[in-house]
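S.K.: Since the structure of chain A is already known, use the hints to place chain B on it.
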Amino acid sequence: MTIELDEKPRAWLDGAEGKAMQLAMRLVLRAARILDADRLVPITFAHIDACFYTGRAHVDFARFMVENGGRLKVPTWTNNGVVSLDDPELRPPADDPETVNGASELMRLYQQLGCKPTWTCGPYQLPGGPSFGDHIAVGESNAVTYYNSVLGARTNKYGDYLDVACALTGLAPFAGLHTDAGRKAQLLFRCDDLPDSWKRQDIFYHLLGHHVGRIAGRGIPVITGLALTATKDDLKAVSTAVAASGGVEMWHGVGVTPEAPDLASVLGEGERHDIAAADLTRAHAELSTARDGPLDAVALGTPHFSLSEFSTLLRLLDGRKVKRGLQCYVSTSRGVRSLLAADGKLGRLESAGVQIPVDVCTYYSPKIRGLRGQVMTNAAKWAYYAPGMLGVEVAFGSLKECVESAVRGEVWRDRDLWSTA
Amino acid sequence: MRVLHAGTAEGPVQMLAEPLSFWGAYDPRTGIIIDVRHPQCGACLMGTILLMRESRGSGSAPGSLAEAIRLGTAPAAIILVEPDINLAVGAAVAHSLYGKSCPVLAVAETEFMMLLSAGRLRIFDDGTILRQ
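If you're matching them up, the sequences are chains A and B in order. Each residue of the first sequence is one higher than the one before, counting from 0 in numbering that gives the first Met the number 0. Each residue of the second sequence is one higher than the one before, counting from 0 in numbering that gives the first Met the number 0.
Bound conformation, chain A alone (with noise of 0.2 angstroms):
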């Protein structure tokens, strides 16, 4: 396959603009050969992922783009960091100076480069992003995900350094969910059956798309059965768990995301699966290690929690307090979290007890102060991930559930969850 490149891009590649764009411009050209694109297609946005440390390689590369002339083509937004430039405290240098030095000269750096610092895996929750048809390059799995399929922006996963190359020519190699054909479904997962009520509680969309992805793997999945009510905050949980379970970077929802008014516009033949109660079981079942009882941490936030998300959880606190000894912490975007405290709302969460670190996850280590022990979630990407990552016992619930656990101390069961009235 030849590629055939404007003059601008021959001349990056030239080397006439520096050794900063002539790697980028290579490595988009690699990853073009490899997935047998014949053309580059010009992106509108970037949201990068090498911002993440994981070792002095990622330094080393942000370095080398900084100081060899690189210039970014397009807005580019930062996905979380390791620390939080906001609140150093959140992850003490002691307990492990690389990382954590590592980490925050490398966020340093991408605002160097010219990156907007939104520090946060929900991108899509802040204003002034891409919008629907738009080409742009994404790197965490979530956002990959919730852009695909709930926005209908188009983007590949791109791993890490093949994001800052894409931000830095502005272009990406025109394959996969770029195209029109990369974006039909493979499998069908009808829901129809499953009664109404449940797809009113949160947890039930975080449980369906653990199950949804496990089966589905790196394929499309397309949905039936969904409620039309559907937020937005439920479809970025459906986005999310079947990044993490499985490795989907677009699902359909009939009825529910842009490109799938009708199941006979996305799917032409594929298998089949009903999704019965036992699945949501069993999907709950997998993402809970702990035995109900005393907890020492609630962990909200992943992704990071929306403003509406918020809202809810003022509600269900009803005035009351988290239990005196137990954390618990809701992350959440700098972004959201000044649109909180513009309308009250962060005086009244830290006040019952709330803490909301901005810039991070809470699962990856190093450890966030606090999170040991029995830890409740409703999260179904944190329930997959931080027993690996922190030796956590993970009790896993609705938001509901969360709430009157961190307020009660110990874990509390929702008996009305799956009723069926």
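In case anyone wonders, no lab produced these hints; they're calculated from the structure. One or more of the hints may lead you astray.
Stated by the list, open to error - Simulated DEER-style distance windows between Cβ atoms: (1) B/G118 to A/D85: 51 to 59 angstroms; (2) B/P18 to A/R38: 29 to 37 angstroms; (3) B/S116 to A/T280: 43 to 51 angstroms; (4) B/T127 to A/R290: 54 to 62 angstroms; (5) B/M113 to A/G254: 48 to 56 angstroms.
To be verified - Away from chain A, derived, C-beta distances all over 10 angstroms, residues of chain B: (6) P11; (7) M14; (8) L15; (9) H37; (10) P38; (11) G41; (12) Y97; (13) G98; (14) M113; (15) G126.
Cβ coordinates follow ideal geometry from the N, Cα and C atoms, glycine included.
M.R.: Only chain B this time, still in chain A's reference frame:
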């Protein structure tokens, strides 16, 4: 055969029974597989010609491979069946930053099966693979 990242290498064959995620399941500081669910947990990949049909996808794999190449704990080369962008990009970045090379190749299943019985392999810049 496709050269995903060119380079020369020589070393003993290490075959992986299951796909490996280079991030999370592998420690670049030691070159050792650390995922307890992987059947070869504890194996050290440093200096080996790694035969692995496919990689387990992680967007952080390129950084982890580049870090291992920087530290000298990485495999000497990686031979796949399924072409993998992350490993190719990680190897390319490490080559640019540190001048160290870890060739990454993708071969047909039949060729992959034949390579499994080799004790040592040598890889040339053009992708030629020789049994030693």
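S.K.: Hint by hint, note whether the structure agrees.
M.R.: Going through the hints against the structure:
1. B/G118 to A/D85: 51 to 59 angstroms: Holds - the Cβ-Cβ distance for B/G118 and A/D85, about 54 angstroms, lies within 51 to 59 angstroms.
2. B/P18 to A/R38: 29 to 37 angstroms: About 30 angstroms separates the Cβ atoms of B/P18 and A/R38, which means 29 to 37 angstroms holds.
3. B/S116 to A/T280: 43 to 51 angstroms: Distance hint for B/S116, A/T280 holds at roughly 46 angstroms.
4. B/T127 to A/R290: 54 to 62 angstroms: holds (58 angstroms)
5. B/M113 to A/G254: 48 to 56 angstroms: holds (51 angstroms)
6. P11: Holds, because the least Cβ-Cβ distance between B/P11 and chain A comes to about 25 angstroms, which exceeds 10 angstroms.
7. M14: holds (23 angstroms)
8. L15: holds (18 angstroms)
9. H37: holds (12 angstroms)
10. P38: holds (17 angstroms)
11. G41: holds (16 angstroms)
12. Y97: violated (8 angstroms)
13. G98: holds (12 angstroms)
14. M113: At about 23 angstroms from chain A, B/M113 clears the 10 angstroms cut-off, so the statement holds.
15. G126: holds (14 angstroms)
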